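K.L.:
Sequences listed follow chains R and C, in order. All the letters of the first sequence, read from the start, carry residue numbers 1 to 379 under our numbering. All the letters of the second sequence, read from the start, carry residue numbers 1 to 379 under our numbering.
Each hint should be verified, as a subset may be incorrect.
Stated by the list, open to error - Mimicking DSSO-like on lysine-lysine, the simulated pairs with C-alpha atoms at most 27 Å apart in a straight line are: (1) C:Lys-67 <-> R:Lys-67; (2) R:Lys-67 <-> C:Lys-369; (3) R:Lys-369 <-> C:Lys-369; (4) C:Lys-369 <-> R:Lys-292.
What the hints contain is simulated information worked out from the structure, not anything from laboratory work. Note that this is a predicted model, so its numbers are computed, not measured.
Number of protein chains: 2
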Amino acid sequence: MPIPSALETPLLLLDEAQMQRNIDRMQARMDALGVRFRPHVKTSKCAEIVRRQLAAGARGITVSTLKEAERFAAEGIDDILYAVAIAPAKLDHAMRLAREGVRFTVLVESVAGAAALARHGIERRHVHEVMIEIDTDGHRSGVRPDDTVLNEIARALRTERGGGARLAGVMTHAGSSYALDTPEALARMAEQERSGCVRAAGRLRAAGHPCERVSVGSTPTALSAGALDGGTEVRAGVYVFFDLVMAGVGVCSRDEIALSVLCSVIGHREDAGWVITDGGWMAMSRDRGTQKQRRDFGYGAVCDLHGHPIEALAFDDANQEHGVLHWTGDGNVDLARRFPLGTQLRILPNHACSTAAQFDRYSVLLDGKIREWPRFNGW
Amino acid sequence: MPIPSALETPLLLLDEAQMQRNIDRMQARMDALGVRFRPHVKTSKCAEIVRRQLAAGARGITVSTLKEAERFAAEGIDDILYAVAIAPAKLDHAMRLAREGVRFTVLVESVAGAAALARHGIERRHVHEVMIEIDTDGHRSGVRPDDTVLNEIARALRTERGGGARLAGVMTHAGSSYALDTPEALARMAEQERSGCVRAAGRLRAAGHPCERVSVGSTPTALSAGALDGGTEVRAGVYVFFDLVMAGVGVCSRDEIALSVLCSVIGHREDAGWVITDGGWMAMSRDRGTQKQRRDFGYGAVCDLHGHPIEALAFDDANQEHGVLHWTGDGNVDLARRFPLGTQLRILPNHACSTAAQFDRYSVLLDGKIREWPRFNGW
Chain R
1 MPIPSALETP LLLLDEAQMQ RNIDRMQARM DALGVRFRPH VKTSKCAEIV
51 RRQLAAGARG ITVSTLKEAE RFAAEGIDDI LYAVAIAPAK LDHAMRLARE
101 GVRFTVLVES VAGAAALARH GIERRHVHEV MIEIDTDGHR SGVRPDDTVL
151 NEIARALRTE RGGGARLAGV MTHAGSSYAL DTPEALARMA EQERSGCVRA
201 AGRLRAAGHP CERVSVGSTP TALSAGALDG GTEVRAGVYV FFDLVMAGVG
251 VCSRDEIALS VLCSVIGHRE DAGWVITDGG WMAMSRDRGT QKQRRDFGYG
301 AVCDLHGHPI EALAFDDANQ EHGVLHWTGD GNVDLARRFP LGTQLRILPN
351 HACSTAAQFD RYSVLLDGKI REWPRFNGW
Chain C
1 MPIPSALETP LLLLDEAQMQ RNIDRMQARM DALGVRFRPH VKTSKCAEIV
51 RRQLAAGARG ITVSTLKEAE RFAAEGIDDI LYAVAIAPAK LDHAMRLARE
101 GVRFTVLVES VAGAAALARH GIERRHVHEV MIEIDTDGHR SGVRPDDTVL
151 NEIARALRTE RGGGARLAGV MTHAGSSYAL DTPEALARMA EQERSGCVRA
201 AGRLRAAGHP CERVSVGSTP TALSAGALDG GTEVRAGVYV FFDLVMAGVG
251 VCSRDEIALS VLCSVIGHRE DAGWVITDGG WMAMSRDRGT QKQRRDFGYG
301 AVCDLHGHPI EALAFDDANQ EHGVLHWTGD GNVDLARRFP LGTQLRILPN
351 HACSTAAQFD RYSVLLDGKI REWPRFNGW
């Protein structure tokens with residue numbers, strides 16, 4: 001695919017064909033497992049991309065902010081899960097979304113949160129649709145599957161006089177799967193995530209509470225689960241692009257990464273072995289997600305314009321609008337001759353979610369042309 | 001200053017009065033040193049803020065992207081230095097800015113860059129205004145003050161038939177000052193920055209080249225320079241807000257940081273000693289700038305709503321929309337009682353440039369109210 005050399009850099013290149021393969025792979029896996037797939041749109045924040053996920057078979061979406069919910073509701077998506085425990089000051093906003101016709105599900109993980117939600121609903125004669133966050137790996141928030149507080153939360157979600165909250169189910173996210181890197185460990189974590197969430201659902205049902213939805217997922221566990229018995233839906237986000245962290249985890253190859261930052265060579269320091277580019281940390285983000293993995297890619301993996309790795313160029317350092325690539329190969333190379341001023345390079349990101357958030361659009365390689373798809377950021 | 005508890009978080013709080021003190025402090029220092037001050041707008045990317053810098057006495061601005069140049073030219077600013085060595089594909093854009101009436105100065109740091117610039121100007125009958133980047137501390141790009149290539153670059157900036165390039169001066173940025181933390185080392189670095197840049201200017205003039213502008217600066221050196229003899233202007237950006245990195249360097253106190261992220265408590269993990277907030281790395285950025293300093297603040301310094309530090313809460317970890325604050329104080333504390341659901345906290349950023357870039361507006365504490373000032377991002 002030719003990329004015009006007159007492009008002003010940095011820009012965020014998206015290989016549409018590779019993204020579609022990633023979408024199809026995940027959907028096929030979910031179909032085989034017999035579960036509903038609800039993609040997490042926090043990765044792309046782009047209507048064009050979410051349309052492709054839904055066209056492939058996804059049903060409903062997961063969001064990380066109310067802005068994502070607003071924007072995608074405006075695109076006609078009517079089933080949205082806000083997968084972050086809701087702050088009390090956001091309850092009016094959540095209610096507005098639901099009243100505009102979205103099946104809008106919020107998350108709680110404490111008795112105080114459930115009570116605030118129920119009180120808000122009762123006062124405003126609105127029934128909040130709610131899931132309880134389950135902690136299956138101790139990495140963040142949520143209630144342990146066997147914690148007695150689980151049924152207390154369900155009881156606190158009381159409904160009176162046409163308002164309150166309705167328990168729709170349980171959800172969990174085994175985020176610690178990002179720290180694993182063998183198929184065996186990933187499969188074990190997927191089973192731990194599934195079984196914990198299913199166990200929590202069983203305890204709620206045994207106590208007489210409704211719990212129709214059992215939602216699990218992260219990209220690594222979704223692609224590593226052998227079976228999802230008892231689960232009803234899976235959530236995953238970063239699979240749509242993949243990135244170096246996911247390659248390090250082992251759920252994709254570097255060739256499957258659909259996103260890269262196009263930058264241009266703007267200088268050389270032959271004595272230091274440096275090639276300087278106009279793609280600094282503002283373009284890559286400060287995400288150093290591979291730092292703790294077996295291979296640390298610095299600020300990203302350097303490739304040529306065709307996407308072929310240039311293994312000898314290490315992206316060691318970055319300033320706001322300067323990338324500093326360090327030549328680690330043959331000491332006799334003339335860097336200014338090998339990578340002349342203006343040479344375009346593609347950098348694969350450590351973490352697609354954070355790198356994409358540095359841009360307000362995707363420059364999409366599609367049918368031999370570059371098109372622009374807007375994305376949004378912020379709250 | 002009261003902050004309404006109904007605010008949806010996270011948001012980027014700016015203390016206008018503190019920012020004005022920071023602006024006044026820098027301008028007073030520059031006035032005392034007898035140099036022109038050209039603020040770097042890459043930090044704020046906000047017209048309201050740059051207006052205040054100019055009102056205080058700044059003349060012209062420094063930018064890190066052509067988008068910044070476009071936006072501030074549209075605000076009527078007619079003297080702009082683009083302080084990143086220009087990529088060849090951006091020369092047409094630079095010419096357009098100059099032809100729209102901006103005194104638009106670009107940067108080169110190699111013979112190839114100078115030749116490309118001159119050729120472009122000659123072909124289009126445009127004279128590019130250009131400065132040569134000088135490397136005074138080896139941290140990034142530029143030409144060493146004593147390098148013979150300096151005069152070769154000046155010669156390559158030839159002008160013919162009404163087009164080419166005109167050498168306006170030299171500029172340097174001692175970015176390695178960010179790694180220092182004593183007044184003595186900072187003063188030495190400021191003098192190294194000044195003397196190297198002045199020496200380069202002298203060599204150019206001795207060879208018969210014009211070199212009217214001698215531009216130096218970074219926030220740490222600007223605030224540490226004892227004298228700037230031979231320098232004509234200073235550039236600095238982050239001083240406008242300050243941040244934890246600058247406090248660690250020693251050029252401000254934590255009280256002088258004008259920027260913070262307002263977030264809300266959304267959960268607790270009593271067993272782990274965690275308070276979970278809705279301010280994750282998407283709000284703070286992934287910048288861990290204090291990691292190498294004497295005090296590592298994790299993802300930021302936790303304060304209460306009034307800006308008073310809560311030293312026992314360490315911002316250890318972050319997910320995209322979750323902050324994980326770790327209680328390091330008395331083990332018997334009831335976190336959910338001490339920091340109830342919905343409690344608002346203010347987080348001081350490691351690096352103001354990267355944290356501010358996560359937001360599209362400032363929520364400004366001004367005259368007892370919160371106003372919104374837009375900022376832009378991207379390229």
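K.L.:
Starting from R:Lys-369, check that the Cα of C:Lys-369 is at most 27 Å away, please.
P.N.:
Violated, at about 48 Å.
K.L.:
Between C:Lys-369 and R:Lys-292, does the CA-CA distance stay at or below 27 Å?
P.N.:
violated (44 Å)
K.L.:
Would you mind confirming whether the straight-line C-alpha gap from C:Lys-67 to R:Lys-67 stays at or under 27 Å?
P.N.:
Status holds; Cα separation ~25 Å.
K.L.:
Keeping to a limit of 27 Å between CA atoms, is the pair of R:Lys-67 and C:Lys-369 held or broken?
P.N.:
holds (24 Å)
When held up to the earlier numbered hints, the structure conflicts with 3 and 4 and fits the remainder.
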